[in-house]
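Here the sequence shown is numbered in my numbering, starting from -13 and rising by one per residue.
For the record, the hints were derived by calculation from the structure and aren't laboratory data. Be aware that a few hints might be false.
[As the list claims (entries may be wrong)] The calculated DSBU-like cross-link candidates involving lysine-lysine, where the alpha carbons are at most 35 Å apart (straight line), are:
{"hint": "1", "residue 1": "Lys224", "residue 2": "Lys195"}
{"hint": "2", "residue 1": "Lys72", "residue 2": "Lys(-12)"}
{"hint": "3", "residue 1": "Lys8", "residue 2": "Lys306"}
{"hint": "4", "residue 1": "Lys115", "residue 2": "Lys104"}
{"hint": "5", "residue 1": "Lys15", "residue 2": "Lys306"}
{"hint": "6", "residue 1": "Lys224", "residue 2": "Lys115"}
{"hint": "7", "residue 1": "Lys149", "residue 2": "Lys115"}
{"hint": "8", "residue 1": "Lys72", "residue 2": "Lys149"}
{"hint": "9", "residue 1": "Lys162", "residue 2": "Lys149"}
{"hint": "10", "residue 1": "Lys104", "residue 2": "Lys149"}
{"hint": "11", "residue 1": "Lys162", "residue 2": "Lys225"}
{"hint": "12", "residue 1": "Lys(-12)", "residue 2": "Lys274"}
{"hint": "13", "residue 1": "Lys162", "residue 2": "Lys115"}
{"hint": "14", "residue 1": "Lys317", "residue 2": "Lys306"}
{"hint": "15", "residue 1": "Lys195", "residue 2": "Lys(-12)"}
[Claimed, not checked] Here are the in silico distance ranges between beta carbons for each label pair:
{"hint": "16", "residue 1": "Gly168", "residue 2": "Thr336", "range": "20 to 30 Å"}
{"hint": "17", "residue 1": "Ile375", "residue 2": "Met179", "range": "16 to 26 Å"}
{"hint": "18", "residue 1": "Asp258", "residue 2": "Pro1", "range": "47 to 57 Å"}
{"hint": "19", "residue 1": "Met263", "residue 2": "Asp103", "range": "33 to 43 Å"}
{"hint": "20", "residue 1": "Asp172", "residue 2": "Ile375", "range": "37 to 47 Å"}
{"hint": "21", "residue 1": "Lys225", "residue 2": "His159", "range": "39 to 49 Å"}
Idealized CB from N, CA, C, for every residue including glycine.
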Amino acid sequence: MKYALIIPDGAADTPIPDLGDKTPLEVAKKPNMDWVAENGKLGTVRTTPPGYGAGSDVCTLCLLGYDPAIYHPGRAPLEAAAQGLKLDSERDWVFRCNLVTIIDGVMMDHSAGHIGDKEARILLDEVRKHLASDPGTTPLTFYPGVSYRHLMTYRGGDFTGLKCTPPHDFPDHPIKNHMPKGKGADIITSLIMRSNEVLANHEINLTRKQLDENPATHIWLWGQGRAGNIPTFLSRFKKQGAMITAVDLLRGIANLIGWTNLDCPGITSYHDTDYAMQGQVTCDALDKYDIVCCHVEAPDEASHAANFDEKIAAIEAIDKYVIAPVLAKLKTYDQWRILIMPDHATQCTTRLHYDAPVPFALAGTSVPARSSVQLPFTESAAASSDLHINEGYGLMEYFLYSNL
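Generate coordinates for the entire structure from the input sequences, incorporating the hints supplied.
The structure is reproduced here in structure tokens:
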């Protein structure tokens, strides 16, 4: 049996007044997603367990079959795994380190204008020089990532119970209500505020302002945790898997569960990604692996930018250039299944992740089509179905093994 898992990140939404109170999934032309929904199973799945926020770390672990209450080590440790960082489980804490734009005490942009890799690395190195200049004596180490997404490790501290808020959770709101709280909060708050002294008048930021681009005014630390211990997908489900993604977080999860991260030329986190190449790499990988996951970040980033037109365009591109060729490839095998679902919902109206159950569609070998009226792949259609999975980590076993 061959399995394809397609994740249009953040594609689910709530009705948008400017779309006639419809969602982007309801407006988008997506015949292939609808075909899967109409020729298989359509339902909802709760990927955000009680007590957790609707983050891609929690939700992706859940949809891949791992209970976050048991296996979630924190977002930053998952991304550290993508970079191959070796963490001392007794002494090291790792934090996500965003470059952000804070103006007059307000979080204006969680991504510093989606700052480019080269500029970001220079600015992060400047922060390192001032905050962690002597690796032999300082507990801090900074690790550059992609665009605004970086990591910082702190050796020897105790941040047990520390509460840090992701910067994308409070756009256009004052930071004073979202500063770190709990053990070690004074240390992390000091680092955030001291970073502004380093970055405020850096020549890169002065140039960005002149070009009317958001400057990277601060680092923002969040998602902290220690090294995790997650069993491999092969040991749990007896399947060899591969991941296609532009996001370090998902690459890290793939590394931890023993999946292969596949190179995909032209892949990005935004609507400029090469959708056709993502579809082609997925098709090619199905010949080698039991299960292939193609993660497309673009709908989520469009939601965070409150750009519903781009979100619709991203959904349509995923349908045309990823799902269509993957379906055609799957049908060349004797036995196959496909699962399409976002990891979480992201609302264009608020620019935030949303913890409601998300729609999923599953079709293929031994998956009977609905006997009643056929429904498209939308939030409302999925909610009206008779298939609802409350413990989201159970969906993977259902997808792989259920005799539907």
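Hints, one by one, checked against the model:
1. Lys224 to Lys195: violated (53 Å)
2. Lys72 to Lys(-12): Roughly 33 Å separates the two Cα atoms, so the pair holds.
3. Lys8 to Lys306: At roughly 21 Å apart (the allowed maximum being 35 Å), Lys306 and Lys8 satisfy the hint.
4. Lys115 to Lys104: Given that 35 Å is the threshold and the Cα spacing comes to 17 Å, the pair holds.
5. Lys15 to Lys306: Given pair Lys15, Lys306 holds - Cα atoms ~9 Å apart, limit 35 Å.
6. Lys224 to Lys115: violated (47 Å)
7. Lys149 to Lys115: Within the cut-off at roughly 27 Å; holds.
8. Lys72 to Lys149: holds (24 Å)
9. Lys162 to Lys149: holds (14 Å)
10. Lys104 to Lys149: holds (31 Å)
11. Lys162 to Lys225: violated (47 Å)
12. Lys(-12) to Lys274: Cα-Cα ~10 Å, so holds.
13. Lys162 to Lys115: holds (27 Å)
14. Lys317 to Lys306: holds (16 Å)
15. Lys195 to Lys(-12): Distance ~50 Å between Lys195 and Lys(-12) Cα, so the pair is violated.
16. Gly168 to Thr336: 20 to 30 Å: With Cβ atoms ~26 Å apart, the hint holds.
17. Ile375 to Met179: 16 to 26 Å: For Met179 against Ile375, whose Cβ atoms are near 44 Å apart, the range 16 to 26 Å is violated.
18. Asp258 to Pro1: 47 to 57 Å: violated (28 Å)
19. Met263 to Asp103: 33 to 43 Å: violated (19 Å)
20. Asp172 to Ile375: 37 to 47 Å: With a Cβ separation near 42 Å, Asp172 and Ile375 satisfy 37 to 47 Å, so the hint holds.
21. Lys225 to His159: 39 to 49 Å: Since the Cβ atoms of Lys225 and His159 sit about 43 Å apart, the hinted range of 39 to 49 Å holds.
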